[in-house]
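Engineer: With the hints as extra help, turn the sequences into a complete structure.
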Amino acid sequence: MAEMDTSSGGGHKKGPGVKKGKKLSTRVDLTPMVDLGFLLITFFIFTTTMSQATAFKLNLPKDADKPEDQNKAKESGVITILLGKDNHVFYYEGQLDNNNASAKFKSSNFGNSDEGIRSVIIRKKANTPPDDFVVVIKPDSECKYKNVVDILDEMSINVVKKYALVDISEVESQLVHVTEGQAK
Amino acid sequence: MSRPKLPRKSTSIDMTAMCDVAFLLLSFFILTTKFKPSEAITVTTPSSVASKVAPDKDIVLITIDRNGKVFLGLDDETIKGAMVEIINKQKGLTLDAAAFKKAEFFGSSFSNLPQFLALPKESLKGDALPGIPVDSTKGPNEMIEWMGIIHSAYEASPTKKINILLKGDNDAKYPSFDAVVKALKKNDFLKFQMVTNPESIPVGTDLYRQPKEEVKK
Numbered sequence: 001m002a003e004m005d006t007s008s009g010g011g012h013k014k015g016p017g018v019k020k021g022k023k024l025s026t027r028v029d030l031t032p033m034v035d036l037g038f039l040l041i042t043f044f045i046f047t048t049t050m051s052q053a054t055a056f057k058l059n060l061p062k063d064a065d066k067p068e069d070q071n072k073a074k075e076s077g078v079i080t081i082l083l084g085k086d087n088h089v090f091y092y093e094g095q096l097d098n099n100n101a102s103a104k105f106k107s108s109n110f111g112n113s114d115e116g117i118r119s120v121i122i123r124k125k126a127n128t129p130p131d132d133f134v135v136v137i138k139p140d141s142e143c144k145y146k147n148v149v150d151i152l153d154e155m156s157i158n159v160v161k162k163y164a165l166v167d168i169s170e171v172e173s174q175l176v177h178v179t180e181g182q183a184k
Numbered sequence: 001m002s003r004p005k006l007p008r009k010s011t012s013i014d015m016t017a018m019c020d021v022a023f024l025l026l027s028f029f030i031l032t033t034k035f036k037p038s039e040a041i042t043v044t045t046p047s048s049v050a051s052k053v054a055p056d057k058d059i060v061l062i063t064i065d066r067n068g069k070v071f072l073g074l075d076d077e078t079i080k081g082a083m084v085e086i087i088n089k090q091k092g093l094t095l096d097a098a099a100f101k102k103a104e105f106f107g108s109s110f111s112n113l114p115q116f117l118a119l120p121k122e123s124l125k126g127d128a129l130p131g132i133p134v135d136s137t138k139g140p141n142e143m144i145e146w147m148g149i150i151h152s153a154y155e156a157s158p159t160k161k162i163n164i165l166l167k168g169d170n171d172a173k174y175p176s177f178d179a180v181v182k183a184l185k186k187n188d189f190l191k192f193q194m195v196t197n198p199e200s201i202p203v204g205t206d207l208y209r210q211p212k213e214e215v216k217k
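Protein chains in written order, with our numbering: chain E, 1 to 184; chain Y, 1 to 217.
Since the hints were made in silico from the structure, they are not lab data.
The C-beta atom is built at its ideal place from N, Cα and C for all residues, glycine as well.
Just to be clear, a hint being listed does not mean it is correct.
[As the list claims (entries may be wrong)] Quick partial rundown of chain Y residues pointing at chain E, CB under 8 angstroms, derived from the structure:
# : residue
1 : 50
2 : 64
3 : 170
[Claimed, not checked] Result set (BS3-like, lysine-lysine): computed pairs, CA atoms no more than 30 angstroms apart in a straight line:
#  : chain 1 : residue 1 : chain 2 : residue 2
4  : E       : 124       : Y       : 52
5  : Y       : 186       : Y       : 160
6  : E       : 162       : Y       : 52
7  : Y       : 138       : E       : 85
8  : E       : 74        : E       : 57
9  : Y       : 191       : Y       : 102
10 : Y       : 138       : Y       : 186
11 : E       : 74        : Y       : 182
12 : Y       : 191       : E       : 124
13 : Y       : 101       : Y       : 57
14 : E       : 146       : Y       : 161
15 : E       : 85        : Y       : 125
16 : E       : 138       : Y       : 185
[Stated by the list, open to error] Listing some non-contacts, in silico: residues in chain Y with all C-beta distances to chain E over 12 angstroms:
#  : residue
17 : 72
18 : 73
19 : 76
20 : 93
21 : 120
22 : 133
23 : 152
Structural biologist: Listed below in structure tokens is the structure:
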């Protein structure tokens, strides 16, 4: 592959005696270098497009009509998800009152297991008429932004049409803290 | 036969030009990629299955760093020009319009804004800056006022589109996010987008178009 075209160019031709000796060209074969260059280019192109951030759309309800929307939801179709610190997730179905708090209040996680929040949502969705199904998300003040995005993402993964981001109540917040304390 | 002396042409092509092009492109791509994360505030965004690419024009970028500090950035200079007038009028400040327009983001209370704008670019690092006060337990949530100012600035030029982007760090605590959302709601910005990293859709979920199927282990 090396360049051997030495007849033209350089003005100093050797005499007839040394004709057979091949003159080494100073030219370098650049093909591998070009290969390398384009390889790196493709790498950079791919990494730039890959790291392009996506945007997750969130439409907020107007503050005024939120309570009415809340009341409209049937108790049987509501599942409330509470987010605590250290990626803890808790949930309960329907309404929570003093008598059944401990029985209804269940803990979950972001994992893929059967107890994971995704399976919980899927099960609830399967057992509820689509019009009644509402997910209420209540993040505790200790929970992280990542968890909030994760749970909102879970809504789009499971195609939950109705969900609401609601402030946590004092009772629920305490319940979360107590349960977190037990878990440790 | 007639031209036996014709020198045999080499099949190898001179690669120098191609090599030049390749490395020119390479350096171009290296430089453009390096320029992108030139943000003063380091934020690791969470990932989501959303596949829509975040807009990069006409944006109002609200950044929440890992300590829950809130920063506000805009890219439109005319809007910033309108904002600085409103701030000066409302707050009785005499902010330098040119400095305000040049600032990529804002991260201090209104009262400290003159000092903030005077800071040299090197010291504009997220960790050292105070951020916009949002904690309503410690004082007024100034984000509400900021969004109000942006709202009126955009009203002045109604042809402009507005893309509100929220870029939060994984480790930011919820109250900061909540305060920002409240500020947006108060000013009737009911649509916003959260900047995330792309993630693949988990197999077997509804979004994967397999309705009512149990999740596999």
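Engineer: Which of the stated hints cannot be reconciled with the structure, identified by number in ascending sequence?
Structural biologist: none
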